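Enquirer: Kindly generate the complete structure, drawing on both the sequences and the hints.
There are 2 protein chains.
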Amino acid sequence: MKSGTKAVVLLSGGLDSTTVLAIAKSRRYDLYAMTFRYGQKHSIEVKRAQDIAAAAGVADHKIVDINLGVFGGSALTGDIAIPKDRSADEITHGIPITYVPARNTIFLSFTLAWAEVLGCNDIFIGVNAVDYSGYPDCRPEFIAAYEKMANLATQAGVEGEEKLTIHTPLSGMSKAEIIRTGIDLGVDYSLTLSCYDPNESGAACGHCDSCQLRKKGFREADITDVTVY
Amino acid sequence: MKSGTKAVVLLSGGLDSTTVLAIAKSRRYDLYAMTFRYGQKHSIEVKRAQDIAAAAGVADHKIVDINLGVFGGSALTGDIAIPKDRSADEITHGIPITYVPARNTIFLSFTLAWAEVLGCNDIFIGVNAVDYSGYPDCRPEFIAAYEKMANLATQAGVEGEEKLTIHTPLSGMSKAEIIRTGIDLGVDYSLTLSCYDPNESGAACGHCDSCQLRKKGFREADITDVTVY
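Chain order of the listed sequences is U and P.
Counted from 1, the first sequence has number 171 at position 171 by the working numbering; the numbering is strictly sequential.
Counted from 1, the second sequence has number 132 at position 132 by the working numbering; the numbering is strictly sequential.
No lab work stands behind these hints, which were simulated from the structure alone.
Bear in mind that the values here come from a model prediction, so they are computed numbers and not experimental data.
Hints are supplied without guarantee of correctness; some may be wrong.
No copy labels: a pair is met if it fits in one copy or bridges any two.
Calculated lysine-lysine pairs in the DSSO-like style (CA-CA distance at most 30 Å, straight line) [stated by the list, open to error]:
1) Lys-216 / Lys-41
2) Lys-47 / Lys-6
3) Lys-6 / Lys-216
4) Lys-148 / Lys-47
5) Lys-41 / Lys-84
6) Lys-62 / Lys-6
Expert: Structure follows, in structure tokens:
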């Protein structure tokens, strides 16, 4: 990859997307980060995303305001309580109440708009289908279908220009592999926030599914977890 | 179609989407209309959409605020002037500057979220590939790819439940056929606004591509155009 090629990177402020940003940087893309304030209870992650984007030296960082809370249907945006202390089996089977309907579809659609305006053919997203929460829009078959659709949605698609690619470098990795990859690339995981239910000062709860997946990842990677719980 | 089945209908307040709403109503769906305030200069259409939704007796109408103007790249949202008095040939060839990058992709993604929460498998959109402006995200191949993606994006897709359908009843119709269909269904086209550049009181300019396509449609349908130009 030659320098000067642009990539739009979805950045939540969490462990996965921060690792993806570092991977895109290591491939020498010019980085355009995009973060959403979508009505999530843990909106403190947006501030983390800003710090992470600045540390990575992105060319631009857009914070997009959309309110997914108007639809309801999720513990992340509505009045439903965030589940705590579920077993590993519960976490990785079925679709939990923290699932936000069509969230990745919506997020990717905004990256597509920005990529088209930037003249960019590379979008990065930190979906992962190993140590994940069973969200349908994290699966490889979803991403493949999205990419196909995206190539028909835009001007470039009509004109048969360069093909748009949705990069999912974490797709086949365990959480431990993701962390090891990030450490090798110099990621400072103390900047990241995985927790769905942090307190006001940003300390992680340690008990939600996302905290548990994170803890397990650090444990399996045999790396000290610097997260403040 | 039995009554009690829900449909989410994209409603801009224009001629096409208003006709689609009437078609969905004639098929006895319970109507859930969705309209976007997306930074369009002609945001007066949102008020029209509210009147149209009320007249159609929808069960709910969501107005979603998103700012597509942050990306630029379109005459509909940015500082670029709306083209006027283009020839029929200019209007129907190539992708014009009024194209908003990924707009239908984004709009459909929000309908998908709402449909999932409502437990609804039917989404209606007024895309048309005959008398249209050459936008890539109005073509049947785009809609087909979107539908395929959408069925992988959601909980229903994972669980192999009922298939989600993106209905495009206007896809093969000329503008004249759309108008005749709407008239047969009792649509009051005086409520609709097609113009990209209306004045403050909502009168249409009569010269933008959308006004020209509308005028041509009424002329070819041999129906009096009640629009105030």
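Enquirer: When no copy is specified for Lys-41 and Lys-84, does a C-alpha distance of 30 Å or less occur within a copy, between copies, both, or neither?
Expert: Answer is within: at 15 Å inside a copy they meet the 30 Å cutoff, but 46 Å across does not.
Enquirer: If the cutoff is 30 Å on CA atoms, where do Lys-216 and Lys-41 land: within, between, both or neither? Let me know, please.
Expert: within (23 Å within a copy, 50 Å between copies)
Enquirer: Given identical chains, is Lys-47 near Lys-6, meaning Cα to Cα at most 30 Å, within a copy, between copies, both, or neither?
Expert: Within. Shortest intra-copy distance 24 Å satisfies the 30 Å Cα cut-off; inter-copy 39 Å does not.
Enquirer: Using 30 Å as the alpha carbon limit, work out where Lys-148 and Lys-47 are close: within a copy, between copies, both or neither.
Expert: Neither way: Lys-148 and Lys-47 sit 33 Å apart in one copy and 35 Å across, limit 30 Å.
Enquirer: Can you give me the call for Lys-62 and Lys-6, within, between, both or neither, at a CA distance of at most 30 Å?
Expert: Within one copy only: 14 Å inside, 35 Å across.
Enquirer: Classify it for me, Lys-6 with Lys-216: is the Cα-Cα distance of at most 30 Å met within a copy, between copies, both or neither?
Expert: neither (34 Å within a copy, 42 Å between copies)
When the structure is compared with the earlier hints, violations turn up for hints 3, 4 and for no others.
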